[in-house]
Amino acid sequence: MAIIDPSHAAKQLIYERIFRSATLSAAILVLVILGGVTVSLLHGAWPALEHFGFSFVTREVWNPVTDEFGALAPIYGTVVTSLIAMVIAVPAGFGIALFLTEMSPPLLKRPIGVAVELLAAVPSIIFGIWGLFVLAPLLQRHVQPWLIGHAGAIPGIGRLFMGPPYGIGILTAGFVLAIMVLPFIAATMRDVFDTVPPMLKESGYGLGATTWEVIWHVVVPHSRVGIVGGVMLGLGRALGETMAVTFVIGNAHRISSSLLAPGTTISSSIANEFTEAVGDLYTSSLIALGLLLFMITFSVIAAAQAMLRRLERRALMSV
Amino acid sequence: MNRRAFRQGKNRVFLALSLIATLAGLACLAALLWTLIAHGIAGISGRLFTEMTPPPGGQGGLLNALYGSAVMTLIGILIGSPIGVLAGTYLAEYGRNSRLSTSIRFINDVLLSAPSIIIGLFIYEIIVVRMGHFSAIAGALSLAILAIPVTLRTTEDMLNLVPVGMKDSSAALGAYPWRTILSILYPAARSGIVTGLLLAIARISGETAPLLFTALNNQFWSTDLNAPMANLPVVIFQFALSPYKDWQNLAWAGALIITVTILLLSISARVLLSLLQAKGGSAR
Numbered sequence: 001m002a003i004i005d006p007s008h009a010a011k012q013l014i015y016e017r018i019f020r021s022a023t024l025s026a027a028i029l030v031l032v033i034l035g036g037v038t039v040s041l042l043h044g045a046w047p048a049l050e051h052f053g054f055s056f057v058t059r060e061v062w063n064p065v066t067d068e069f070g071a072l073a074p075i076y077g078t079v080v081t082s083l084i085a086m087v088i089a090v091p092a093g094f095g096i097a098l099f100l101t102e103m104s105p106p107l108l109k110r111p112i113g114v115a116v117e118l119l120a121a122v123p124s125i126i127f128g129i130w131g132l133f134v135l136a137p138l139l140q141r142h143v144q145p146w147l148i149g150h151a152g153a154i155p156g157i158g159r160l161f162m163g164p165p166y167g168i169g170i171l172t173a174g175f176v177l178a179i180m181v182l183p184f185i186a187a188t189m190r191d192v193f194d195t196v197p198p199m200l201k202e203s204g205y206g207l208g209a210t211t212w213e214v215i216w217h218v219v220v221p222h223s224r225v226g227i228v229g230g231v232m233l234g235l236g237r238a239l240g241e242t243m244a245v246t247f248v249i250g251n252a253h254r255i256s257s258s259l260l261a262p263g264t265t266i267s268s269s270i271a272n273e274f275t276e277a278v279g280d281l282y283t284s285s286l287i288a289l290g291l292l293l294f295m296i297t298f299s300v301i302a303a304a305q306a307m308l309r310r311l312e313r314r315a316l317m318s319v
Numbered sequence: 320m321n322r323r324a325f326r327q328g329k330n331r332v333f334l335a336l337s338l339i340a341t342l343a344g345l346a347c348l349a350a351l352l353w354t355l356i357a358h359g360i361a362g363i364s365g366r367l368f369t370e371m372t373p374p375p376g377g378q379g380g381l382l383n384a385l386y387g388s389a390v391m392t393l394i395g396i397l398i399g400s401p402i403g404v405l406a407g408t409y410l411a412e413y414g415r416n417s418r419l420s421t422s423i424r425f426i427n428d429v430l431l432s433a434p435s436i437i438i439g440l441f442i443y444e445i446i447v448v449r450m451g452h453f454s455a456i457a458g459a460l461s462l463a464i465l466a467i468p469v470t471l472r473t474t475e476d477m478l479n480l481v482p483v484g485m486k487d488s489s490a491a492l493g494a495y496p497w498r499t500i501l502s503i504l505y506p507a508a509r510s511g512i513v514t515g516l517l518l519a520i521a522r523i524s525g526e527t528a529p530l531l532f533t534a535l536n537n538q539f540w541s542t543d544l545n546a547p548m549a550n551l552p553v554v555i556f557q558f559a560l561s562p563y564k565d566w567q568n569l570a571w572a573g574a575l576i577i578t579v580t581i582l583l584l585s586i587s588a589r590v591l592l593s594l595l596q597a598k599g600g601s602a603r
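Chains as they are written, first to last, in our numbering: chain A, 1 to 319; chain B, 320 to 603.
Hints were generated in silico from the structure; no laboratory data involved. Beta carbons: idealized from backbone N, C-alpha and C, even for Gly. Wrong hints could be hidden among the right ones.
[What the hints assert, rightly or not] Pairwise CB distance ranges (calculated):
#, chain 1, residue 1, chain 2, residue 2, range
1, B, Asn416, A, Ala120, 52 to 60 Å
2, B, Arg331, A, Gly206, 33 to 41 Å
3, B, Asn568, A, Glu60, 36 to 44 Å
4, B, Arg415, A, Arg314, 27 to 35 Å
5, B, Arg366, A, Glu50, 46 to 54 Å
6, A, Arg314, B, Arg331, 28 to 36 Å
[Said to hold, decoys possible] Under the rule of at most 20 Å between Cα atoms (straight-line distance), these lysine to any residue pairs were calculated in the SDA-like manner:
#, chain 1, residue 1, chain 2, residue 2
7, B, Lys329, A, His217
8, B, Lys564, A, Lys109
9, A, Lys201, B, Arg326
10, A, Lys109, B, Arg326
11, A, Lys109, B, Ser489
12, B, Lys486, A, His217
13, A, Lys11, B, Lys564
14, A, Lys201, B, Phe333
15, A, Lys11, B, Leu336
16, A, Lys109, B, Ala349
17, A, Lys11, B, Gln327
18, B, Lys564, B, Val590
19, A, Lys201, B, Lys486
20, A, Lys201, B, Gln327
21, A, Lys11, B, Ser489
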């Protein structure tokens with residue numbers, strides 16, 4: 001028997017081609033999915049976009065009876081709840097990342113890091129049910145009356161804290177979102193802080209800087225791109241989060257000046273109304289909302305990824 | 320001297336704040352788990368696993384929902400993970416630095432954090448509308464799409480961890496890349512790839528939004544993949560928001576089951592990964 005059997009080599013080559021094209025088609029499928037999502041959303045949203053034109057995104061009205069639909073209230077709710085979430089979660093996430101990289105005793109570093117990551121693994125519906133039955137009553141009884149009594153009296157921002165304490169509403173949704181995106185922000189920032197070369201930090205300490213000064217003047221400037229990337233990754237999550245918000249937002253299609261009032265977000269409108277939507281224009285308007293959400297989150301997440309990638313490359317180069 | 324005291328004070332304040340932030344984060348996790356256990360444990364009983372979801376006001380279990388979730392998660396993984404593994408293989412082995420791979424990697428990372436409700440809308444548009452009705456298979460497909468980015472990412476990362484020497488040895492023996500990948504790289508990266516599967520299962524078994532308008536829900540026992548099927552997340556959603564006490568209790572019990580399952584999956588994925596890293600560390 002010959003050492004090299006030509007038919008064997010030919011067979012090997014065929015297997016190689018088959019396997020290679022299988023992996024290639026699987027990889028291309030990822031692009032196809034993205035393209036399919038875009039096309040199908042555009043297709044589904046077209047009747048509404050054609051009917052309402054640009055006014056779809058500028059009108060507050062949402063009336064299934066008269067078939068009048070505008071996306072302003074859900075857009076407002078999505079943006080405001082996400083902003084509240086970021087105002088709380090960014091400093092808190094920064095603090096956790098700082099604790100994990102600079103302060104934590106080595107023995108605690110891993111368990112606490114894992115605990116934070118486990119918080120990220122809890123499905124959003126669990127946060128929803130918890131927000132509705134635990135957090136909302138808590139806010140209604142203790143936090144919101146205080147806000148109405150104290151902050152409500154301040155001219156200007158007082159308008160944000162007026163009205164009865166419903167428990168559920170924009171503010172509560174923002175709180176739940178904050179807890180949900182916190183682990184993502186904390187974990188990304190921790191990873192980003194870990195890319196700072198120890199020698200830079202040690203130089204700071206060597207000059208007599210305090211821990212905080214090293215963080216603020218060495219770690220933060222060095223990892224600025226990554227920090228912004230992590231924040232935007234969290235923002236992308238917050239904007240698109242569905243179930244947790246649906247539980248606690250109150251699903252009211254109006255824009256109230258008060259943060260304590262019920263509202264709605266893009267994703268919770270879809271989740272609440274899609275299966276009940278009758279009429280092509282209603283369904284199409286909800287899909288148009290989905291298209292809006294897709295465009296917003298896609299650009300935020302893509303920007304975040306681009307920033308994190310830039311940092312990764314720089315870290316690789318400095319090694 | 321005064322300035323030094325100021326600097327040290329400032330240092331203490333900020334470090335204390337970061338300690339508080341960490342404690343608050345941990346407190347949230349603890350509070351979440353505590354409520355789940357406190358509310359859910361009462362609902363855990365034999366009936367949960369032997370009876371169907373009850374009509375309004377009635378008593379019952381979650382059997383059909385547990386079955387539906389298991390079936391759809393399983394089908395989702397069976398469809399999604401091979402695609403993710405193969406695509407990850409392409410990125411790690413065949414097209415490592417090509418422009419195509421770079422853009423696929425980028426798109427995949429975006430899909431990883433894209434809102435899952437969008438995937439639900441996508442499947443609704445291309446399957447539910449075309450078939451004319453909600454179905455378990457549509458639900459499973461939307462879960463499959465969510466499983467792809469997770470498995471793709473871990474597979475690529477894990478294949479990259481396999482020492483180059485192993486690949487070179489195989490190539491030196493005259494093996495074609497496909498043989499090297501199947502016989503050398505996959506076995507070497509096995510626990511890493513399994514980690515990815517576990518993470519993907521953890522990710523999709525709690526997903527609610529994409530199932531709302533694909534699999535919908537079903538109050539009765541159904542094994543028909545072509546019909547709406549009950550599933551734990553949507554049942555929790557509907558029952559928790561209902562005014563009936565019995566339904567709310569079932570929702571809490573279901574929430575406890577889901578959370579415990581997912582946390583166990585995530586923890587085992589992490590244990591596997593650290594075992595792998597320990598092994599890789601000693602090999603080098």
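Given hint arginine 326 of chain B paired with lysine 109 of chain A - CA-CA distance at most 20 Å: 26 Å, violated
Agreement of lysine 201 of chain A and arginine 326 of chain B with the hint, judged by alpha carbon distance not exceeding 20 Å: Roughly 18 Å between the alpha carbons, so the hint for lysine 201 of chain A and arginine 326 of chain B holds.
Restraint check for lysine 329 of chain B with histidine 217 of chain A, where alpha carbons must lie at most 20 Å apart: It holds: about 14 Å lies between the C-alpha atoms, which stays within 20 Å.
Agreement of lysine 564 of chain B and lysine 109 of chain A with the hint, judged by alpha carbon distance not exceeding 20 Å: Answer violated: lysine 564 of chain B to lysine 109 of chain A is near 42 Å, above 20 Å.
Distance restraint between lysine 564 of chain B and valine 590 of chain B, which requires alpha-carbon spacing of 20 Å or less: Violated - the C-alpha atoms of valine 590 of chain B and lysine 564 of chain B are around 39 Å apart, more than 20 Å.
Restraint status (C-alpha distance of lysine 109 of chain A to alanine 349 of chain B at most 20 Å): With Cα atoms ~18 Å apart, lysine 109 of chain A and alanine 349 of chain B stay inside 20 Å; holds.
Restraint status (C-alpha distance of lysine 201 of chain A to phenylalanine 333 of chain B at most 20 Å): Given pair lysine 201 of chain A, phenylalanine 333 of chain B holds - Cα atoms ~17 Å apart, limit 20 Å.
Pair hint lysine 11 of chain A and serine 489 of chain B, alpha-carbon separation not exceeding 20 Å: Holds, at roughly 18 Å.
Given hint leucine 336 of chain B paired with lysine 11 of chain A - CA-CA distance at most 20 Å: Not OK: lysine 11 of chain A and leucine 336 of chain B at ~66 Å, beyond 20 Å, violated.
CB-CB spacing for arginine 314 of chain A and arginine 415 of chain B relative to the 27 to 35 Å hint: At 20 Å between Cβs, range violated.
Cβ separation of arginine 314 of chain A and arginine 331 of chain B, checked against the hinted range 28 to 36 Å: 32 Å, holds
20 Å limit on alpha-carbon distance, applied to hinted pair lysine 201 of chain A and glutamine 327 of chain B: 18 Å, holds
The structure is inconsistent with the numbered hints 1, 2, 4, 8, 10, 11, 12, 13, 15, 17, 18 and 19, although it conforms to all the rest.
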